[in-house]
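Enquirer: Below are the chains, spelled out letter by letter.
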Amino acid sequence: MFKTIAMVVGLGLALSAAAEAQTPRKGGTIRMTAPYGSSFTSMDIHTSPRAQDEIYAKALHRSLYIWNSAEGKPVLELAKEDIVSGGGLIHTFKLRDDVYFHNGRRMTADDIIWSYNRIIDGTKAYPGARFVRVVEGAAAVEKGQAKEISGLRKIDDFTLEMKLTEKVDPGFYFFNAITSIYPADEAAKEGFIQKPIGLGPFKFVEHVPGSRVVLERWEKFYKPGKPYADKLVISLMSEAAARDVAFRNKEIDTSVLGPAQYLAYQADPALKGTIVEVAEVFTRYMGMNPAFKPFADKRVRQAINHAIDADLIISKLVKGKAYRATSWLPLTSPAYDKTMKPYVFDPAKAKQLLADAGYPGGFEFEWTTSQNESWGLPIVEAIIPMLDRVGIKVKVKQVETAVLAEVIRKGEFQAYIYSQATGPDPQAALKCFHSATPQSACNYMSFKNADFDRMLDEAGQTDAPEKRIELLQKANALLQEEAPVWFFNYNKAVMAVQPWLKGIQLNATELTHQNVEDLWVDETSPAK
Amino acid sequence: MLSFLIRRILQTVPIVLAVVLVIFVLFSVVPGSIASTADDGRGPTDPQVVERMKKQLGLDDPVYIRFGKYIASLAQGDFGTSFRTREPVATMIAKRTWPTLQLIFAAIVFAIAIGVPLGFFAALRPGSIVDTVSMVIAVSGLSIAKFWLGLLLMYVFALKLGWMPSFGYGDGGLKYLILPAATLGVSPMALLARTTRAAVLEIMTADFVRTARSKGMSETKVVQWHVMRNALVLILTTIGLQFGALMGQAVVVEKLFSWPGIGSLLVDSVLQRDIPAVQGSILVVVLFFLAINTLIDVLYGVIDPRIRYT
Chain L
1 MFKTIAMVVG LGLALSAAAE AQTPRKGGTI RMTAPYGSSF TSMDIHTSPR
51 AQDEIYAKAL HRSLYIWNSA EGKPVLELAK EDIVSGGGLI HTFKLRDDVY
101 FHNGRRMTAD DIIWSYNRII DGTKAYPGAR FVRVVEGAAA VEKGQAKEIS
151 GLRKIDDFTL EMKLTEKVDP GFYFFNAITS IYPADEAAKE GFIQKPIGLG
201 PFKFVEHVPG SRVVLERWEK FYKPGKPYAD KLVISLMSEA AARDVAFRNK
251 EIDTSVLGPA QYLAYQADPA LKGTIVEVAE VFTRYMGMNP AFKPFADKRV
301 RQAINHAIDA DLIISKLVKG KAYRATSWLP LTSPAYDKTM KPYVFDPAKA
351 KQLLADAGYP GGFEFEWTTS QNESWGLPIV EAIIPMLDRV GIKVKVKQVE
401 TAVLAEVIRK GEFQAYIYSQ ATGPDPQAAL KCFHSATPQS ACNYMSFKNA
451 DFDRMLDEAG QTDAPEKRIE LLQKANALLQ EEAPVWFFNY NKAVMAVQPW
501 LKGIQLNATE LTHQNVEDLW VDETSPAK
Chain E
1 MLSFLIRRIL QTVPIVLAVV LVIFVLFSVV PGSIASTADD GRGPTDPQVV
51 ERMKKQLGLD DPVYIRFGKY IASLAQGDFG TSFRTREPVA TMIAKRTWPT
101 LQLIFAAIVF AIAIGVPLGF FAALRPGSIV DTVSMVIAVS GLSIAKFWLG
151 LLLMYVFALK LGWMPSFGYG DGGLKYLILP AATLGVSPMA LLARTTRAAV
201 LEIMTADFVR TARSKGMSET KVVQWHVMRN ALVLILTTIG LQFGALMGQA
251 VVVEKLFSWP GIGSLLVDSV LQRDIPAVQG SILVVVLFFL AINTLIDVLY
301 GVIDPRIRYT
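Chains L and E supply the protein sequences, listed in that same order.
According to our numbering, the first sequence holds residues 1 to 528 in order.
According to our numbering, the second sequence holds residues 1 to 310 in order.
Do not take every clue at face value.
Capping the alpha-carbon separation at 20 Å, the derived lysine to aspartate or glutamate pairs in EDC-like fashion look like this [to be verified]:
no., chain 1, residue 1, chain 2, residue 2
1, L, Lys124, E, Asp61
2, L, Lys124, E, Glu87
3, L, Lys448, L, Asp297
For the record, the hints were derived by calculation from the structure and aren't laboratory data.
The following block holds chain L by itself, in its conformation from the complex:
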C-alpha cells in the first residue's frame, strides 16, 4: 500500500516538476539568425518577396491569418470568426477588437482595407499582389481602372466583408507577412519605413542594415501573457561556417544547417540534441520542356525518372537532408498520398522505355542549372553518368540562381533543375500544371492534360473537403504517371536550436518563420 502511495506521489511530483519545467519563462533575449543573404531587403515588408525578410516581419507585423504549424494550416489571427456565405465566395470576418498597433492605436477594418489596397496598387508592383488579386475588384485597382477594391467592405469597425473571385480558402492567401496589416494613416506618412509600426508581438527598436534587427516586447499584444521574451535580436549571417562558430560559442540561439553541417551535427554528441527538422513544402525537380522533341514523349520522361538513382544522391550528396519525392505534392501537404511509391531506379527499364519511344541510342540535351549545393550543379554532375548509362548525354549550362528564375519563366530551356514551393495549399501547387495557367506564371513545362484539368476544376468546385483531397490526390498521381518532371526530393529543413530556447514550431512552409510570441528562453540562456 505504502509502495503504491509512494509511487503515485512520486509520479505526481515528477509530473508537476515537468509541468513547471515547461512553464514559459518571462524575460530574456531571443537571438535568431537570418541565413539567406547579408541584408534584409527593406523594413517595408510589402515590398519584399524574399523568405529572409519574413523572419523579422513575423515578429513586427501580423496578417489576417497565421500559419499554425501544429495543425499544418493557416488559422484566423486578427479575426475571431469567418462566416462564409454566397456559395463560398463571401467571407465575413469578425475582427478582434483588442489588437493595437505599436503606437497604441486600435486596429479596425479600415486598416485591413487600406493595406490590401496598398498591396494591389499596380504602380508599385508589390509581390503580395498575387494574393490580394483573389479579392473581387482587386484586379481592377491593379490595372488602374478603380481606386478601391470593390470586394472589400467595412460593415463596422470590427466587421469586414471580403468577396472572392474563386472558391478558395483565404487563409492560404493572407497568412504570409507580405500581406501584413499596416496602420492606415501612419503608414502613408514619410519616414514610416525608418521606424515601422506593426501589430506583431515585438516592436521595432533598430535596424543596422547588413547586421541586425532589434525588437522589444509589445506590452499591448493581444495574446495574454505573450510574447515571453523581452527582446528579439535577428542577426544577418549568410555564411554557414560563421553561424556554426557562433552557435557553438552560444552567441546565437538558432542556426540553419546545410547538408555538410547536418552530418557534422548528427555526429557530434554535444550538438545532436540541438537539431530540429521538418519536411518543408518545397519540391526539387528537373523540369523538361516538351518543345524539345524527346521530352514531348511521356516514355522518355518516365525513362529519366527510372534512370536516376535519387536515393543514392539524397544519401551521399544531400547527406540525407531531403525526403525522396514521389510526385509533385510534398510530404506535409494535406493531399499527399502516403501509399504512393516513387519511381524505382531501374536503368534496364529506362533503356526499354527509351527504345519504345524511338531513342534506342539515347539523345543529348542541355541542362540549365545554378550552383546550388542541394539542387544545382553538384546534383547534375552526379546524374550525368547515370543518364549516360542509358545513352542520354547531358550538356550543362550553368547560370546564377537569379538568372535561372528568368530562364525558366521565359521557357528558354530544354531542362532545368530547381526548387519550387509546392504548398502549403495543394490546390494552388497543382494549379501550376493546369492548362489554363500560362507558362510564364508557373506552368513552366507547358503541361496540358484534360483529365488533370477536370480533376483540378472539380476539386475547386466541391464543398466536401474529403472529396477535394481525393481529387487532388488523383491529380497528383496523374502527374507522377505523366512525369513532366524528374521528381527528386522534398526539402528537409534543418535548424540547430540551443537547449534553452523553447517553443520552436516545425513550420513546414519555412522553418525559419517562427511565431515568435510562442518562443521563450529559460534561465540557462547566456543572453541577458
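Once you've looked at the hints, dock chain E against the given chain L.
Expert: Just chain E now, kept in the frame of chain L:
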C-alpha cells in the same frame, strides 16, 4: 599646391565617367534583372508583377536612355533609388560608409603597426632568424585566404579563448572590430613588411647612408634620419594602394563577420541585380580610392621636399 589639387580633382572626372559607363554596360548585358530575383521559389512567379516592375523601374527602356537618365541624375548628386529597398541609394550608402571606414582604418593601422617594424627589423639583420621569421610571416600573410583566416581567428579567439565575439557589429566598439580588422589587415601587413624590407635594404646601401656613416654618425641616427625617412615614400605608396584595395577586399570579411559595410551591400546588390545600388557602391569605392591616392601624392611632398607638385 592648389593648382595641383584642382588638376587632380579634374583628372578624376573622366575616370569616374569611365567607371560609371563600364558598370552600366556590364549590368545591362549580363543576364537577369531585379525582376528575375522577385521569385525565390516560394510561390508561383507573378508575370504581371514582373512586367509592371520592369516598367516601373524603366528596365524596358533602351540602354542609352537609361544611361542618359542616370548620368543626368548623377550630375545633380542623385545616385538614384534602389530597386530592392526603394530607398535613395545615397541614404543606403551613407548608413554603410562609416562601418566600412572603421574596418579599413583599423585594418591599415594593424598592417602598419606590425608590417612596417617587421620589415625594418628584417632588413636591419638580413639573413638572420628575425629576417627569416618575418618573411615567412609575410609570405603566409599574402598567401592565406581571408575567408579561411577569418574562420580560424573566430575559432581561436572567440570559440576557444572566448576573448571576443565571433561576429556582428554590436555597438561598433573595439571588441567587435578586432577580428574582422585583423583578418582584413593581414594581407597589407605582409605586403608592407616585404616592401619595407626591400626599401630599407636598398637605402642602406645608398651613397648618402655610406657618407653619413663615414661622418661618424651612429647607426641609430643613420636609420632614424636617413633610412626611415627615405623608405617612407615607398611605404606610403604601398599604404595608399592598399587603402583602395581594402575597400574591395572588405566584401569577404564583411560577409563573414556580418559587418554592415559597403562590401556586403555590394554583394547583395549584385546578386539581386540592384543596378543603382551597385553603381553607387562602386562609385563610392572608386572615389575613396582616388581621394586616398591624391592625399598620398600630397604627403609625398611633405615627407620628401625634393618631390614637387608638378
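Enquirer: Among the hints numbered above, which are violated by the structure, and what are their numbers in rising order?
Expert: none
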